[in-house]
Each structure stands twice: as structure tokens, then as C-alpha cells.
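Residues per chain are reported as follows:
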Amino acid sequence: MISIAWKSLCNRWPTALLAVLAIAMSVALILTVEKIRRDARTSFTQTISGTDLVVGARSGAVQLLLYSVFRIGNATNNISWESVDDIKKRQAIDWVIPISLGDSHGGFRVLGTNHDYFDHYRYGNKTALSFAEGKRFEDVFDAVIGSEVAAQLKYRIGDEMVVAHGTGRVGLVKHDKQPFKVSGILNATGTPVDRAVHVSLEGIEAMHVDWRNGANVKGEGTAADEIRNMELKPTAVTALLVGLKSKATVFREQRAINTYRAEPLLAILPGVALQELWGLVSVAELALMIVSVVVVIAGLVNLMSVLLAGLNERRREMAVLRSVGARPIHVFLLLCIESTLLTMGGIIIGLMLHYALTGVGAVYLQQRFGLTVQLTLPHTAEIRILLFVAFAGILAGMIPALQAYRKSLADGLSQKL
Amino acid sequence: MTSVTQHIVELNDVRFAWNKHAKPVLDIREFKMQRGEHVFLQGPSGSGKTTLLSLIAAVLSPQSGEITVDGQPLAELRRGQRDQFRVDHIGLVFQQFNLLPFLSVADNVRLSCRFSPTRKARASKEGRSLDQEIDRLLDAMQLSASEYRHRPTSQLSVGQQQRVAVARALIGQPALIIADEPTSSLDSDARQAFLDLLFSEIEAAGSTLLFVSHDALLASSFNRRVDLRDINSAAYSASTAGELR
Ligand SMILES: Nc1ncnc2c1ncn2[C@@H]1O[C@H](COP(=O)(O)OP(=O)(O)O)[C@@H](O)[C@H]1O
Ligand SMILES: [Mg+2]
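Line by line, the protein sequences are chains B and F. At the far end of the first sequence sits residue 417, using this note's numbering, and the numbering has no gaps. At the far end of the second sequence sits residue 245, using this note's numbering, and the numbering has no gaps.
These aren't lab readings, by the way, just hints derived from the structure by calculation. A portion of the hints provided could be inaccurate.
[What the hints assert, rightly or not] Think about it this way: if two alpha-carbon atoms lie no more than 30 Å apart in a straight line, the pair counts; the simulated DSBU-like pairs of lysine-lysine are:
hint	chain 1	residue 1	chain 2	residue 2
1	B	K407	F	K23
2	B	K407	F	K20
3	B	K181	B	K154
4	B	K7	F	K120
Just so you know, these numbers come straight off a predicted model, no measurement behind them.
All chains should be modelled from the sequences, with the hints used to inform the complete structure.
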């Protein structure tokens, strides 16, 4: 039976192949959408751990989370250094990582911070940052770069780099008299850390000496040694990552910061803000998922129409089979086997297509958004989707099969042309 | 087989209509065929010849009356048994499109044995294999087995296809061979050659033949000639008859 079904399909390979491809593409699409959805979530969730509060100028919780942790978008306002000192002084607070954003280098963000970043920042399952090469920044013009930055710009320890003000790929003002030097390269983390150039807060100030003075905008710029001798005290930062001594105090501390009088501040719990983000994203996810499901249904409807259209041409085939003793149930099974073969073929090619897509797409997503998409065996959600498609495909084949079954009963031996 | 009778086919008071409200197409008081007989059944197109063959082949069931084939009253068979009975006892040849285009010549001949262990056993008895029997039949049908065995059937001429169909009907020696206008898509030369081959093999196998055609010229080689209009008392409307004259 299976060999007859197989040979019959091979005989009609162009239509069969099209039906398989339609299913394959819909399967690849739905799997890829599901995969990116899930991996984007894990990627986001993995980016920050061990941070109890994120503090920034007063804006939206999601916005603060996006620009401070995921480096998406820009801050509307800064936190003054006085506020930072006040927060640091609070009893319950264990550590504070200052973050100063707003500059770029070669399309990567420059992040001003201090050594607390390397001591306290955690990602994934409470993993600390580690160095692949070199060491932390010591000098004003030292920079620690993430693994992606090193890989894409081909930097080694000791290389000089020119930092631009602004976050575009082409900076407005280039600070070429104050070249930074790579002092360390971090190991890959699969988070936006890989795509950041880390310098000291003083380094950020140093970049802006000329810019702030309004002098030498186009000209030579102040010499590096001259800047080193200046007093480079940071006056403001973009955000703070805060660790508490005890988790129990988190809501009290949040309220205290939110009601801080000297400056309007916002403290958020990263987990809560992430939930809020998912709430926003889920509408888009749902839309994508609905589109994918509709495409899958289109693929199955196509399968059904291919089988139904084939039925009329194949009435003779059915009559021949019945003349040699095939029962109506055999005719029914024959078509069911066909639709099963087509669906399975579609699923297998769809899986291969899905892996090819994610393989190529992963590189792009990593470079463009710092999202990590990994090639993994299908998860339960994906297996469930595949089972659903297989089931629906076999079901879709039942309708033409039933039709053939009925016709094979009604036709007698006469061969309709 | 409940009782072995002289007759391989026996119809008594058989009435058949395609649906409840339509007039019956067939109303046959009696029709019998002896074992080993070669019967030529003629009648104009649309007179119900194919319908009668469908009844004898247990594809259709009559509304009333009794049909016995090879000693087996067909009414006693359940649905699944009817298909099995058909392949075990009857070899069928249609007017055209007898073959599955995606199978080779040999696989098409083998098809009868796929659903019938009885015929498979008969085909491969006397120390020869099924493949040898297929080759023998193809050779007998003047389709040199070594040349045609693995050919796709789509490469054959219509005449060759009809001969493959005969080989398939004959394999495993079914008691009755039913041929429904097997020559009407052949030209007159091929027609006679086809008939000669058919007869010699049927003779060798000792099968009974029920051969349908509207071409009365072929009737001479048969033992008996039956006109459906003579045995069928169902009203045959004048309008249909006129249209066919
Ligand atoms: N599948 C069918 N459903 C309904 N009517 C049919 C069917 N097949 C044949 N008929 C009708 O039965 C009559 C006899 O047909 P058929 O047995 O094929 O004639 P013949 O084989 O003698 O040309 C015709 O009037 C035809 O229209
Ligand atoms: Mg006919």
C-alpha cells in the first residue's frame, strides 16, 4: 500500500512537491516565529540578574529598563551626581553601579562606569563578567570592550580607538586627539555587554572636555596628558544598577527613591518591568502567531485541494485498484497514506528550512540587536506545533480520502473519462 | 463454494436501478453461463452492459434477484468479502486505462496477486516463481518479458497496454474472465491479433470468458452470442434508442 502511494506520488511529483513546499514553508515560518519569540524572551531575561533596582530619571519603567539594561533607545534625562551620592549612602544598599551612556564607537555604544560594574554586574544565572584578555580600565583613556566589539572591529589589547560623541554610526564630533586604548576584552555573555565599549566615568568626562568648552570642535583638540591632569569629576550619570543587602527591603527602597525630593527619580524592579514589557510585546507576538497559523492553514488547504483535484483524474486508478480486489478501505487508506507522506515531507523540509533560517537569522539578530538565538533541538512547544501540523495534515487528507471512498463505491466498474 | 454447479454464472430475476426513483436499467429473468464457455455479449452503448458486468463482478448489488458466481451466491457475501471474492475468482479487462501508470509492466500484472493470496499461490505453483509466471504470460502476450518487464506502462501503445491487462486478468487462473469492450480502442488489425492471443491463453487456462462488445463482427470466434436486449426486459426508452441509431 505504502509503496503504491509512494509511486503514485512520484508519478505526480510536480504537484506533490508544491504541496510539500507549501507545508514546509508554513512550518518553517511558524517554528521560526515561535523560536525567535522564545529566544528573545530568554535573551532579555538572561541579560540582567542579581540587580534589585534600576534607577534613572523619571520616565516610563519599560523605557528605563530598555535604555539602561538593553541599550535600546535613549535616556531623556540624567541623574545628578549628588543624587547618586545620596543613594549610595543609604543603609540598605549594598552596591551601586553607575552607568553613563550617550556616546558611540564604530556603531557600538560607549558605556561609562566604574569598577563596581566588573565586581557586581551579573547576567544569566548570576554569572559575573570575566576577561578573555587584558584587564579593567585604570587610565582615563583605557577601554574594556565586549566580545562582539572585539570581533567586529578586530581590536586587540593595546589598539587605539577614536570615540565619537552621539550614538549614530557616524559620530557628529570625533575626539581624535584623545584616542582610547583597549585595556581588556570581555568574554562573550550573549547579552548587550558584548556590544559595549566600557570606559571609566572620567573617560566619558575627558571625551567631552573640548565639546563642553565649545573650543577646538573642528581643530586639534586638547592633548591627552593635559586632560589627564584636569579634575574629571562626573557630574551626572544616565542610570544606576542597585544591589541591596537584603531583598526584603526592596519595596521600601524603591519607594524612598521614587519619593526623593531633590530630583524626580524612578526606581524599578527589573523583573516587574520585564513583565510589563512582555505585556506590550505580546500583542505583536500574538499577531505574528496568528499570521503564522493562518499560513499553516493555507498550506493544509492547499494540500487538500491538490488531493481533491487529483481525485477526478485518478478515478480510473481507483477503478483499476478495485477491479483487482482493493477494498474501498484500501482506496481510503491509499489517500490517507499520501496525505501523510506529503505532510511528513513538508514537516521534514520545513524543519530543515527552519534551521537554515535560524542559522542565518541568528547572525543578523546577534549583530543588530544583540539577541542570542541558538540552534537547539525542537522544544516541547515546537514539537507540539509539529504534532498539530501532522495531525491537521492527516485530517486534511481524510476528506479527499472519504470522497474517493464514496466514489469508488458508487461508480461500479464504469470508467468515467 | 457452497455447491459446485455446472454454471459459473447464474442470474435469476435480477433487477437493478442506479437509484430508487429511476427506472431499472436491468431486469433479467434468467442468464446462465457454462463453465469453459466463451460468451459474446452485445448491445448498443448505454444499454447496460457495463452495469451487468458490475453486478456479476460483485461491484454493484441488485435491488432484487439472485446472482451466483462460481457456485457462490453473491448476496451472501459481506462487503469486504465481495472485493476478496472478485479478485479470487474474476479477472477483469476494461476498455482502456487498465493499468496504473506509475507501476512497471510486471508490477501491474502482479497487482492481482497483491490482494489475492489464492491467485498468488496458483500463479507460483508447479515449482515456478511468481516472476517466472509473469514473464511467461508477458511472453505469451507477445510482450517479450526481458524487454518490457521493467518498462513504465506509459511507454506502451494502447494495444500493448490491453495485452498487459489480459496478462493481469489471467494470472493465477481465475475461474471467470470478464472483458468490457477491450478492443474498442484498438484498430482492426490489432483487434484480431488481440482476440487470438486472448483466446489461446484462455483456452490454455481453461477459464470461462464473458466478452462485451458492440462490434458484432467479432462474435464469430465465440461459442455463444447473447444480445442484452433479448435477455433484458427493462424498458429501454425510445428516445435513448433513437439517439443511438
Ligand atoms: N455511475 C452511474 N450512475 C448512474 N447511472 C449510470 C452510471 N453508470 C451508468 N449509468 C447509466 O446506466 C445505463 C447503462 O450504462 P452502461 O451499463 O454503462 O451501458 P453500456 O456499458 O452498455 O454502454 C446508462 O443509461 C447510464 O446512463
Ligand atoms: Mg460500457
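A quick look at each hint next to the structure:
As the CA atoms of K407 of chain B and K23 of chain F are separated by approximately 22 Å, the hinted pair is consistent with the 30 Å bound. The straight-line distance between the Cα atoms of K407 of chain B and K20 of chain F is roughly 18 Å, inside the 30 Å bound, and the hint therefore holds. Between K181 of chain B and K154 of chain B the alpha-carbon distance is near 13 Å, which keeps this suggested pair within the 30 Å criterion. Proposed proximity of K7 of chain B and K120 of chain F is supported: the alpha carbons are some 22 Å apart, at most 30 Å.
Checked against the numbered hints given earlier, this structure breaks none of them.
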